[in-house]
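Hey, can you work out the whole structure from these sequences and the hints?
Chain by chain, the residues:
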Amino acid sequence: MSDIQSALRETAKKLLTEGTVTCVIGWGETRFPDKTTPIFVKTPEDAEKLVWNAHCVCGLAKYMLDNRCPEGKLAICVRGCDSRAVNRIVEDKQYKREDLYLIGLPCEGKDAPICATCTHRNPVVYDVLLGGPVPEIEVSQEDRFQAVTALEGLTPAEQYDYWQKQFSKCIHCYACRNACPACNCTECYADQYRVGWQGKQIDKAENQVYGLTRAFHVGDRCIECGECERVCPMGLPIMSQTRKILKDINDLWGNYECGLTDSRPHILGEFDLSDRDDFM
Amino acid sequence: MSVKADPNWEPKILAFCCNWCTYTGADLAGLNRMKYPANVRVVRLPCSSRVNPQFILRAFQKGCDGVMVCGCHPGDCHYATGNYFTRRRFMLMKRLLEYNGIDPQRFQARWISGSEAAKFRDTVTRVAGEIKALGPNTRFQEKWYEEGGEAQ
Amino acid sequence: MSRIGVVVCHCGTNIAGVVDVERVAAEAAKLPNVVFAVTNKYTCSEPGQATMKAAIEEHQLDRLVICSCSPRMHEATFRRMLKDTRINPYMLEIANLREQCAWVHTDKEKATEKAIDLMRMAVAKVEQNKPLFTSTIPIHKKCLIIGGGIAGIQAALDVADAGYQVTIVEREPSIGGHMVMLDKTFPTLDCSACISTPKMVDVGQHPNITLMTSSEVVNVGGYVGSFEVTIKQKARYVDHTKCTGCGLCETKCPTKVPSEFNQGYNKRTAIYKPFAQAVPAKPVIDPDSCKMLKEGKCGVCAKVCPLGCIDFKDTAKEYTETYGAIIVATGYDLIPWQDLYGEYGGGRYADVITGLQFERLVNASGPTEGHILRPSDGTEPKDVVIIKCVGSRDPHKGKSYCSRACCMYSAKHAHQILEKLPGANVYIFYMDVRTPGKGYEEFYDRTRADGAVYIRGRVSKIYKENGKLVCKGEDTLLGKPVSVQADMVVLATAMVPAVGVEKLTTMLGIATDPDKWVQEAHPKLRPVETQTGGIFLAGTCQGPKDIPDTVAQASAAAVKVCGLFSKDEMETSPMISGVDQQKCCGCGFCVNCCPYKAISLVEIDAREGARRVKKTVASVNSGLCQGCGCCTAACRTGAIDLSGYTNAQILKEVDALCL
Amino acid sequence: MKRCYYFPGCSMAATGKGYQQSIDAVARKIGLELVAIPDWNCCGATAAHTMNERMALALPARNLARAEQDGGGMEIAVACAACYSRMQYARQAVLSSPEKRAEIEAIIDMPCSGSNPVISFLELFSRPELMEAVQAKLTKNLNGLKVACYYGCLTSRPSAIARPDDPENPMQMDRIVALTGAEPVAWDFKTECCGASHQVDAPKAAQPLIHRILTNAREHGADCIVTACPLCALNLDMRQSKIMETFGGDYALPVYQFTELLALCMGVHPRDFGLHTHFTPAVGLMRNALKKGGDQA
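Protein chains in written order, with our numbering: chain L, 1 to 280; chain V, 1 to 152; chain R, 1 to 659; chain D, 1 to 297.
Hints are computed from structural coordinates only; laboratory data are not their basis. Because the structure is a prediction, the values reported are computed rather than measured. Be careful, since some hints might not be right.
Quick list of simulated restraints, FRET-style, between CB atoms [as the list claims (entries may be wrong)]:
#	chain 1	residue 1	chain 2	residue 2	range
1	L	GLY254	R	PRO336	25 to 35 angstroms
2	D	ARG175	R	GLU228	43 to 53 angstroms
3	R	VAL499	D	ALA13	51 to 61 angstroms
4	L	LYS35	R	PHE133	57 to 67 angstroms
5	L	ASP262	R	VAL201	53 to 63 angstroms
Yeah, the Cβ is synthetic: ideal placement off N, Cα and C, and Gly gets one too.
Set out below in structure tokens:
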């Protein structure tokens, strides 16, 4: 891993020295030995601050929309999940692919539970790949949707009970939204007071409405990076909502996985005359 | 007072109807003097594809006991393809709602054409009956009518 | 603070008989911002309207809620009424207390409660209403007609005669289409060319018509009233402004290739007019066969041309122009039966021909000068089999629809064979004989009286034996297999949309059905319009039909165009989508689901913190938007909203119900 | 190179012996490994499906099940048209309906999922890699020989079951045979029925079927007929003289299996696949054709 880390620093240094990019987004050390933080490297000297270790858990792609980024081309370190997040943001037209330089880093899983069901450990898109590709792991559809299937089996009352307990914890911090690469609106619906989509008060109903709306807004484009759940300070099982939508899309309209370079077009932006119809 | 105990309780059902098919069908039911329970309030919209799934959440949250989305049959949309998008959106939304504990009867989508007055009558009669049997909706609401519960 | 007026209509006893209207009005009066609430016996009547107008003035109302019959009934009436008042016509909401309340409920208490709810919802919504203003778009009074067959010709003449400018775009070197290839038309048996070529000449000479042959539409933008259309004219290599059409070049050209017009039954030269009466009556050079253009040798035509019209360096040209309306008249082609019907020889037998080929064989100006001779050896056939529904009504191999014209032209073919070849036998295999048209059934009767043998059943195989084409089939009336030894077989092949029509429909943004026929806006009530305003249909591009129907539809489309052109400006509905560019993130999800392609992404200058940035946002074309609102539900930010049915309005309506 | 399961069928040891020998010879030449399904049984062919549908599906299904048990996961190639049809019926029954599958599995007392695709020999040989392999091994040619490729009905019908390249005008055999330099004629009766076993039980009705096939082939200038089925070949070959006697006509068309032509052009000795045992003399035409064609492929 240290080989790759030094290669990463070399690459970043070269990119910055040659002026290919104005900033490299990567991971840097913190005062905790088992935590890293996203850093914006803007000078060749600072490239030494980049690290690559088991604690590089934080998703980086969303940071390209951060206003700390200088103007000009950006370089981003991408693992499999980050690369899919980049695709997500590029497909959503929030950034142009040609304005990005992607440093691919094959990843054998980090210090995060989501990595156990990761199907794309190698970046799906990159400009340079550091280190050889790592073997992918097989994850069955059953494993992918295990949590969802378990909840689907409950009665409506039990389901409600479960979710109500979960949502009652929500503190509307919107960390899930801020970390999510699919949440890339300029102004989130939840911040719009005048229309009145969403109340600011913290009660079970508002919490639940926020949770479901968020799920519906991103579920059809979710790349399953797990950032939402990772950053939630209250430990809500947020992925179980978005994956429910993904599972239904898979069941209703065929195989669907987002953020791959050859992904199907946006599923709610198209239709088929022969789509299943329960509303006759 | 617990609403559940009120013997005169009547469910409130909100129906989003497209102007060209279902709203016309509902008007036709009136012209034919068909009778159905007075539980349904219709919101008139140009097309079923105008219905943002968030409206459904809002209706439940504010105290509706049931919500319906009605539009033209696929292929008959006044706007050619609008209801195909409706179909995809609400196939997903319905499943998501049920997953979160909303009884399947409380959210229903139906295609009702401008000539299907009888289908409109039958559908709202059936839905009203089903929801009456379920009792008031307490889920997703700011008000909590559960036994001994306080309004939050 | 808004000042809302609420009027609850008795509608005689229609509403008041079931709903306690006084209570509804009393409840309304309690609502905040409602400054005026009354009941009225007949709100829509003259006195009713006068009362409301007076109240608007007296109470300085700025919005109005009328609780009456269905808005589908009187919304327009009340909006018209408001035009003369201080209230904008769109500051009005109607609660439907009649069709959806009084007429359908019997329990007076519950009906009244519901009526109050409906009233409250309307009041809540009207508070969010904003004044809306209809805008107008200018109409460029110039019509584009795509396709120069009989449909395009008829429509062009009708529009041009009404005094408007017309451009016809035709991809072949001459207009005329399929009709001019036909010999006689059923049921009157008048000569097809004799009735169509005068119309072609009229088109060619009409001062209001611009003819663009050898041309295709390559780009369409804009909307009703002002479509920006780019037309590409292929290189013709002959300067038509100089050419007199003397025809000397054609007589000297050494290269001979099969004639498309005559279905390959004779030859034409490389510099050619498709047929004698072609319009324009001037030749073009076919670059695929011209020796000079292919090999750089020859140039005979240039040497003999007395006016020096030949220009081998000619190139394709593009013209862009603005049209107020477009008529699509792209016509049909025949189904490629050779690929589908191996059992009929799959094209191996020269004497198994299509109806269109037969038309050329029987045509006096055709390759055989009107003698029916079989293509294989030039002899007169004695026994002729006609097979109907080849590709039509055959979902397994071809199309499920009926091609409509085949029953009649097959009867006509039978009649012509029996007339021209005394002693000949004609056998017609059919599934049903469909003759819904004036004089059609009589014509069919006459053909049978002429001696045509109608066999109800399909042919399962055609094979060659002893120099004859054996047609094996079943006579389903007798319940027996039959086989007929034929000298020639004529197939009534299905009509399919003209090759390449998908490209055009995509460009125009109009819908097609699964068989690729252009979709009309409504099958019964709007048969010559498309879903897109300003684009109309004529002829077989919409579905198989015969000449009378085609011409009728062409004239109907022309009337629609003239109707549009009768005004200088067109009023557009203000209830359309609009984008809040501040909120819009430019993801383009709305673009994908718009049925009218009314939304596009545009780049604007914006400010982000201290930076000036280029920002991509959605933009709605008000000429194309029809106000369905499909886009609004696709927008997560709520940046795109539908005037008249805004998110805020609907949310308030929902809230009001649940108070 | 290519390995697949092979379902020979009952005829191949008897009336189709020459066909089997030529298949073996060609397979050896091109390195095609045909693994006979272990413990295969009769497909039931005509007899079973006229009696009992369940038996008609269960018999071939047992062969599918045996192939699955063997675990090679390979396609099952079938040489005989009737066997091919029955195996396809069974497989598609198993795949299309879970109830049917359960019923069949109960009868044969074995799991049967239909996982191994069933293909005809024509489909197998018309694949580009096999065509190339055959081409590479040809040492002689039949240039100028006009052949009528006869597919019979069961390789192409019903089209939903047999899945031919074209149900009315199949071309697979034409393309294979054209490799030898022989010229397939375009004729009309490629897929007409030969009468199959009705030649035995209803000869009066069935004999005209053979007559018209042979007449039409001759009409289109064919020198011989090529088939891909032991029973088609037998009917057209063995009954030819009797039919000429009954209906008049003088066609004397030798009948070959398509693999016989391939074997011959690969230099296999005709005696090795019993060319001399055909009823309508078949050796002479081949000798002349090969002589005319010369040695180059």
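Here's how the hints hold up against the structure:
no.: 1; hint: L:GLY254 <-> R:PRO336: 25 to 35 angstroms; in the structure: holds, 32 angstroms
no.: 2; hint: D:ARG175 <-> R:GLU228: 43 to 53 angstroms; in the structure: holds, 51 angstroms
no.: 3; hint: R:VAL499 <-> D:ALA13: 51 to 61 angstroms; in the structure: holds, 55 angstroms
no.: 4; hint: L:LYS35 <-> R:PHE133: 57 to 67 angstroms; in the structure: holds, 58 angstroms
no.: 5; hint: L:ASP262 <-> R:VAL201: 53 to 63 angstroms; in the structure: holds, 56 angstroms
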